[in-house]
Amino acid sequence: MSILDKPKVSSRSIPNPKKSLITRLHMGTGTVVGIIFAALTYYGLKSIYVTYTDKVADPMTTHNNNIILLGAMFAWSVGFLVGIGAFIGPWRWLIGKDLTDEEILYMAGDGQGKKRYFKYCTDHKVVGLQYLVGVMTLLGVGGMMAMMIRTNLARPGAHFVTPTVYNSLVGLHGITMIIAMIIVATGPFGNYIMPIMIGAYDMAFPRLNALSWWVLFTAIPVLCSAWFLGGIPTGWTAYAPLSIQAGPGMNAFLATIIIFAVSTAVAGMNVTTTVVAMRTKGMKWNRVPIFVIGSTISVALAIPAFPTFMAAMVMTSLDRTFNTGFFDANMGGSGWLYSNLFWIMGHPEVYVILIPGVAILMEMAPVFVRKPLFSYNAAILGFAGIAGLSILVWAHHMYMAGWSPALNGPFMVTTEMISIPTGLLFLVLIGTLWRGKPWMKLPMLSIMAFIWDFLIGGVTGIYLSDVPADSYLHGSMFVTAHFHFTLMGAALTGAIGGLAYWYPKMTGRMLNERAGYISFWLVQIGFNVIFFGMFMVGAEGQPRRVVDYAALYKNSNMVSTVGAYSVGIGMIILLWAVIHSWTKGVVAPMNPWGAKTLEWTVPYPVPLTNFDELPIITSDPYGYGKGK
Amino acid sequence: MADHSAEEMAPTPGERITGFFKRKDVARTTILFVAWTTLFIVLGLVFYPKWMPIVMSKEMKSAESIMIWFTVISAPIAGIVLAVTTNAFLDMHRGDTPPPDGPAIRTNGPIVAIWTIGSLLFALVAIVWGLLEVNSQAVAAGNDAKSAITIEVTGAQWLWTFKYPAQGIETHDLNLPVGVPVVFNVKSADVNHSFWPVQLGVKIDANAQVTTVTRTTPTMIGPIEVKCAELCGLYHAYMETNGAVMSKTDFNAWVVAQGGHTS
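Taken in sequence, the protein lines are chains F and D.
The C-terminal residue of the first sequence carries number 628 in the numbering used here, and the numbering is unbroken.
The C-terminal residue of the second sequence carries number 891 in the numbering used here, and the numbering is unbroken.
Think of the hints as simulated: they come from the structure by calculation, not from any bench.
Model, not experiment: these values are computed from the prediction.
Idealized CB from N, CA, C, for every residue including glycine.
One should not assume that every hint holds.
As the list claims (entries may be wrong) - For lysine to aspartate or glutamate, the following EDC-like pairs were computed, each having C-alpha atoms within a straight-line distance of at most 16 angstroms:
| # | chain 1 | residue 1 | chain 2 | residue 2 |
| --- | --- | --- | --- | --- |
| 1 | F | 19 | F | 98 |
| 2 | F | 437 | D | 853 |
| 3 | F | 596 | D | 719 |
Stated by the list, open to error - Here are some chain F residues pointing at chain D (derived, C-beta under 10 angstroms):
| # | residue |
| --- | --- |
| 4 | 54 |
| 5 | 58 |
| 6 | 136 |
| 7 | 137 |
| 8 | 141 |
| 9 | 237 |
| 10 | 332 |
| 11 | 412 |
| 12 | 418 |
| 13 | 431 |
| 14 | 437 |
| 15 | 469 |
| 16 | 624 |
| 17 | 626 |
Chain D extracted, bound-state conformation:
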């Protein structure tokens, strides 16, 4: 008889789950979780497109999408952490005596396991994503090698110089034809600098005596800025110049105007 009533009282798995979510702390944490996660997703989707410069190359696109989508996929994790914290904050105890003791939960095996495996999976997504991007950029570099134009970039305290060997010109403005892959061979005449054509989303340090390489393909016509991203002494802040991505016709006209020749 006693057994029979116990069987009747035992909740089904479905009831246990709904019962769990009806608990005040769980219900509130769930709502907070949804709110925080949504906030982070919105932040990711809105903040970076709004604040980052206009995307003018595939590399810049890839930087921006990593920032957006990593925010979005980390949103649920941030959501859990902040939901539990906010829930605890709402249950705060004030006054000069300690609160009553809470439940003596020392650990919870399944939760620790799920959390660890979850963060492992999260790390794997980030790693695989990054490796694929790096790989696709390397593959693109190989494919574009023949059609690319080469620019010899020299950083000196506190001036950028761009030499276009095939065109036979040397300038302090960085002008590029749209849709043509470009390879930057970068070196320094003195201390370390870092070559940063901002809107193209690539960057590489300039070192004395060695040449470093970066590449990109501009995808859009418009003005670009070149900055130095490595502290290089007194006028580091002013070591910047302008340039533009232009149509091939405009680029060729500019090359000729500089006294160079088009191929």
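The shape of chain F in the complex, shown without the other chains:
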């Protein structure tokens, strides 16, 4: 039991362990040590693995170059963690001089103001805000790439970028957004809000919590380095053997995923343990807020799913460095092995993204309709059913791969079964809305937008799950439109609603409402315009990921591009609102929405240990309404 588990720490004096190394380490020292590690590894490996600049196409030079680059990227990540002090705790424990109580409190950021956001800080609220800024950065970068893609596709002829740049844009937009969407709900809100919601002093493993964020942080420069290494030609799916043939930029992609997989494994384990073990007295499973249930199911689903992605990336790396031939058919390997490993992660992953977004919306629905959540049990069964089925559907991405045509039937059955638990999610939301008077704040608008967006995503998903229709639609823009309707429509809409909802608790101020509404309508209308245009060109027969297209598709593409600019402007307005309101917004009361979950019972700024005395729970948080 750590010192943080003891109540009434808010009255202590500020910890100041002067002689301890941890007081001197921060993001800056991390960066310096990371660069030193990377440089040493780079030059060290270069002296062992010979490369010839005049023989860049030579297989040995290519392989050795990949070894050197991958080595330097991993060294950066490890070096950064050393430099920021991630290993001080385990090291001190190893040599028998465990951290003192004062040092532990220092690491929790007690009394350090803004400085703690740049340090290896174990406070879940700090980690939550770090994730929030990280997500917004990734969304900004990914969004800019989306704008460049749409600008290029505004008219036929590829006037804006070259095919090399375009292919990189498509792949890096994809992976940046996938990473952003995976953490968009469970990162900021799962870290900041969830421990308070369940009545805990902190996460189960505060140091691992800091580790998950800073490991993820080290992946961001690695991902960006892809641009300086010639980009990636493969799209985010990184199919082999194209990924093996790809240039040095591919190493950045592989290293990013491997580092990210470590981060999600650590975070997933931490969230799951926290929810299982640290709920406050009286919070039985049937009293846990639905957001907590959804997040837990999502991260628990990621725990078995992501290792196969990591394994696929490790194997691709080995093929590219030591010529192992896992995925190279000419050496007895198989590209289908890669596709299987990828989609065994890939399909659960879309639900890892979707479930927390929907769970946020379900958490907010009762508050803004002032009615209990309709059929809490159906909500849980919906999430659990989706999570369970999602590990059995991966090969619907491979109907047209020719890998095993005989399996198309069985995978069609499991895939279409998913519409049953998905239907329950809709039932819960419309049941909650029924006979209520919804309070039209941003969170409520997000719920309604989600219902529309996800319905379109869901119906189009039914065709795609059906083999004969997929044989036409697979690999077309129709698929792109479908999954944006599900992922952006559910996860991003849910997260933006959640941001408006929890912003007062996370920053102490209300999010600027007028800007929020303007942004909401620009984003939602623009979003629907983009992807209706894309449904059209997909139905007409335009493949995905093409830098150029025939004149036939030009009007619908222009429609999509106009929509994209609307979303872009809307997101900039939202960003402005978030930044502006953070310091200049109206000061928020403790419970501006009149909600009944525990996070609204603590003041802002939330004390280090959240509660002086842990609350005791006697009912679920949905006791709204009159009668019955």
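Given the coordinates of chain F, assemble chain D onto it according to the supplied hints.
Just chain D now, with coordinates in the frame of chain F:
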């Protein structure tokens, strides 16, 4: 006496149903339900026939009818969801204080049961429909095996090559005789590609070292496009070619002009 008056007051089942539909929220939701459902049905019936390419094979027909009819059968479900949502939207509460509490409905057993069984039935329709289509395509493949012409398709970065072994020709345009079943044996010379003769509604990946198969029977004369549907590197977007479904006479003439022989 009291009992007697209570009996008189109790509505009959018929009155209860009409009473239910006279409630303002129910009446409005019902109208909205009809409107949304109609909209989705119209969308399904109009959108896909308008936007999809001309149907030139049975496989393309089956893809198009799935998209149309799945939209139509999911229309009532979409209709309910959107009707309830729109109804709530029309009852919105604005201002800075929360709305008054609504009724404390925690669940409704029959509704949850009906909804679950309804979506199960819906999923079953989709599954059975899909399995029947898959099966009929497999049966057709067996029946047509003897009369089919075979084409060896090779995808290479960034060019399609079509070899007609029985005719002894090799081309980069895909020409097919109408009404004759065709089997495509597809492979790749390098990375993954995906062979997509658009108007024929079939597709299969091209992989190195293994042959994948797809088949179709063109049912209509006209031009077709062949595209690559799997990102295959630099010039993926330009990996496309043209072809045509032609009458048997025209096809034979074309084969001869290419230096091949007709059987």
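Going down the list of hints, with the structure as the test:
no. : hint          : result
1   : F:19 x F:98   : holds, 15 angstroms
2   : F:437 x D:853 : violated, 53 angstroms
3   : F:596 x D:719 : violated, 23 angstroms
4   : 54            : violated, 23 angstroms
5   : 58            : violated, 18 angstroms
6   : 136           : violated, 27 angstroms
7   : 137           : violated, 27 angstroms
8   : 141           : violated, 21 angstroms
9   : 237           : holds, 8 angstroms
10  : 332           : holds, 9 angstroms
11  : 412           : holds, 5 angstroms
12  : 418           : holds, 8 angstroms
13  : 431           : holds, 7 angstroms
14  : 437           : holds, 4 angstroms
15  : 469           : holds, 4 angstroms
16  : 624           : holds, 6 angstroms
17  : 626           : holds, 5 angstroms
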